[in-house]
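Guided by the hints, dock chains B and C onto chain A, whose structure is given.
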Amino acid sequence: MAADQGTLTVGRSRIGTFFANFGGVVFSIVMFFPVYWVLVTSFKPQTEWSSFTPTFIPEAPTLDNFTSAFNAPNFKASLVNGIVVTAVAVLFSLIIGFLAALAVARFRFYGRRAIILVVLAVQLVPFVALLIPIFLMLQSAELTGDSIIGVTLVYVVLLLPYTVWTLRGFIAGIPRELDEAAMIDGCTRAQVFWRVILPLTGPGLVATSVYGFIQAWNEFIIINTLNDPEHQNLMAWLMQNQTSRGTYWGPLMAGAIITSIPVVIFFLAVQRNIASGLTAGAVKG
Amino acid sequence: MYAVETPPAPVQESPRPPVTRRRKRGTGKALPWLLAGPALALLAALLAYPMGRMIVLSFQDYGLKQLWSGATAPFAGLENYLDVLTDSAFWAVVRRTILFTAVSVLLTVLIGLGVALLMRRVGKTVRLMMIVAMMFVWALPALVQAQVFKMMTDSDVGVLNYLIDKLPGVDFQNHSWFFTPTQGWIVITSCVVWAGVPFLAITLNAGLTQVPKELLEAATVDGANAWQSFRAIIVPILKPLLVIVTTLSVIWNFGLFTQNWVMRDGKPEPEFQTLATYSYVQAFAQNKYGLGSAISVITVLLLLGAMAIYIRQMFKIGEVD
Amino acid sequence: MKRKIAIAAALAASLLGTAACGSSGGDSAGTISADGKVDGKGKTIKVWLMVDAQSGWKSVVDDASKRFTDATGANVTVEYQQWANVLTKLDASLAGSDVPDVVELGNTQFPKYVDAGAFGEVKKDTFENSASWLPGLSAACEMDGKTYCVPYYAGARVLIYRTDLFKAAGVADAPKTYEDFIAAADKVQAANKDPKFGAVYMPGRYWYAAMSWVKANGGDIAKKDGDKWVGQLSQPASQDGLNKWVDLVKKYSKADVTKDEADQYLVFSQANAGMFYGNGWEQGSAEQVRKDPNDANSPLVDTKVKGKLAAAPMPGIPSLLGGSNVGVPLKSQNQELAAQWIKYFTDSTSMKGLIKANALPNATAMLDVAASENPALKVGAEAAKNSWAVPSSGKWADVEKANVLQNMLSDILTGKKSVADASAAADEQIAKILNG
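Protein chains in written order, with full-length UniProt numbering: chain A, 1 to 285; chain B, 1 to 321; chain C, 1 to 436.
Excised from the complex, chain A in its bound form:
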């Protein structure tokens, strides 16, 4: 979609535009400030981040917090595990969820409403309540501890309801007339799927994957319970900085930056699609 970058012509005036720009700048600063605080803290030595008089620019900038984070136990393993688990979980939930979304969006069959209802309802279940039964089940299948299969499966399930729900919206947003026209042109159902529905759902898939990525990447309670320390993710690893001896803000914030980098990279890679995808999906609810 060619995003309309023009401004809305409601009550426009020069002074209004000035105030709008001013407001936008203030908003950006307020929003960014905590992020900035993460950044500066990560470059401060302990004597500075634990000081009562906060400095806005590090007086003695240091990379120690980053080396500390990199040298901390299990950092590399956690990074790799986190990426693998997240990527696989997002991919699988997209594939499986897309098929299910196709079913509920394009077919009318007995039980369809029930599926939609279930998909909506399971999102309301607090996942921690299911932790113990899930753990016992996966452990008896030997998918926990040093195996990341168990946690990946759990993440797929965690992402599925939202994926099905939003993708259903995207597919429903594609006019059926397009399907029909393609069929009249001699396309088979499979061809309609490949040539019409899949390409048109593209931005939707991206938008959904953004959500999935964030969910899986940020999760730490489940993976921490299911897996041993060498097979967890960066978020669980980050928790190490909150010890019984106080919080090590410097290394924590350095670790936070490191854990955010993959998300930023992912966002940059798909940013064009995020906004357009989100709207399209939501329009048809």
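If you're looking for bench data, these hints aren't it; they were derived computationally from the structure. The reader is advised that the hints may include incorrect statements.
[Stated by the list, open to error] To be clear about the criterion: a stretch of chain C counts as covered by chain A if any three or more of its residues have a C-beta under 8 angstroms from a C-beta of chain A, and this derived list gives those stretches:
{"#": "1", "segment": "76-82"}
{"#": "2", "segment": "88-101"}
{"#": "3", "segment": "268-277"}
Ideal placement from N, C-alpha and C gives every residue a C-beta, glycine not left out.
Chains B and C only, in chain A's frame:
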């Protein structure tokens, strides 16, 4: 393809002749089930079974001994439910969770909408600035978002007290933001709203690009002021989008856990408990898995109750046909 | 009921200095022995230790594991756990089949798991120094005269103060009595006019401290009356102790009343307080910080209070003995090997390593070694001898996890409830949990 139609009237939408035609032509009734099969199987295996366990647990007196030995737990009847429902602390938690959800969602949506509108008014550079700032906030893991708010509001090293203290005549040194529940919740709510605004603003901004300029121009010509145009044109077009983002925000904020958990150091005082932390503490800290499960079941029922109207509405207007 | 007697005895002996009925879980025939030779070739045991070992004394762990491997041929995997969720993880793990072979838990957490039958009985006398294990640690391991875990290390709280401020305020020596302590606080407070300055740093949710004050005044947290637990905090003696502590906080402390003591040494190192009540190691941590807190070998950096601190026993206030024990889960497949590893990990060689790392050893016999080899531990070792323990109930850990005491203290200090109301409410909750 993304053209937004005003929500179609239900009567026109539902009896759709092409559907029956298509079904006849389709590969039969098995196909949709085949497509939905993997998803349903996974949900059944990894969600239905544990949920079944959860429901069974909620009727049992299940503690550590049962957990470790695998012995059958004594049947507790409705005792867990009665315990929960007659506990005034539980109802305080419910009220607090609902209040927090209402306030935080309202704020997030209003600010998100305001920012989205603002983004249409500002210049290119400023808009880019806003998007970049919001992308960064969005990219921070929830855990870190909570941590940085905890650090900024810390009574000793916090930058917030330091800045407020700089105001003339204000003494905010060593001010404790969690001394009173109200101030503590202001901090927690600010964190949640701050973290939630980017998703809302970016989505709604994208939605605003759908608003036909001609319509607004026509309205201005007809003498409508900004507010009137907003009410009469923008809101109806954004409505489906608003419904969705509001629903999502409700689901997310109702399950608040990370923020209050982290900001209260994993030991929230009673006045900082939400349903999620409360059931977690009951189940895992106290090892009363039965009681914890009962709380979870009640939570789900509450949410379903709250969402029932919305779900019915959704089916009714035919958005899901 | 022998366990209860043993604890009562330990408590009474340490607290009041009187001799109660003398009994200990001495010569029981343990089921898991660390004696003799075990061939563990090709086997690997899994050990759960808390992160403190990783950041504080990893070399001690590695050395013990090496000696264990040399002797048995078995390998060791050590997994370092977080305090925040170790219990949840343990609960789940013990329900399954793949359980750790050695588990570390805090001494106040252990009784719950011993009570629930999670740990196997160990043969006490096969572990070095078992005759003089610190009662505050070993009491948590004992039930009905049997021993279910092995003490690992201890922590005791002492008074840490600014020598320079004491001098400037005209306080000559470390306080010898509680009155001395208050007098010193008065003088230090009077000599420092900065509104941010507090003579004593005492965070509001520091229940170890508050309860020590309660104990000092002859009060208690809970007592067993017949077979029912009764909360004691609303009793007059406990009230006196609580009031004394609350007065102290209100008068001399500028600490955040909604915080606990976790980061007190960091806050204290900002030179805004005259004294604090902390673990022995916190003196060193307040004076110098590791350049890299995740690396025990990184260079030390001086803080603002470097060279200005000294420690002394908190006069008139017995310390709660903190610390950790290690045990072998009943479900472990390698119980004999696990016991062997514990033997090496808790022997005198390992204890000396702990002493070097500023941790108090597990036995009174070793406390003297600690005092002579590491000056930083001298005061702590003394405090450990005059210590008290929490009520010996398998449910006590639940009281801690429900944060009953912390919440009571917040309620008092934020003015939500009076001392009497808050402690009465806490008594009710404690009794409900302990009898539940």
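Taking a Cβ-Cβ distance under 8 angstroms as contact, does the segment 88-101 of chain C have three or more residues in contact with chain A?
holds (count 8)
At least three residues with a C-beta closer than 8 angstroms to a C-beta of chain A: is that true for the segment 268-277 of chain C?
holds (count 3)
Is the coverage entry for the segment 76-82 of chain C by chain A consistent with the three-residue Cβ rule at 8 angstroms?
holds (count 4)
Going down the numbered hints, you'll see the structure goes against none, and every one checks out.
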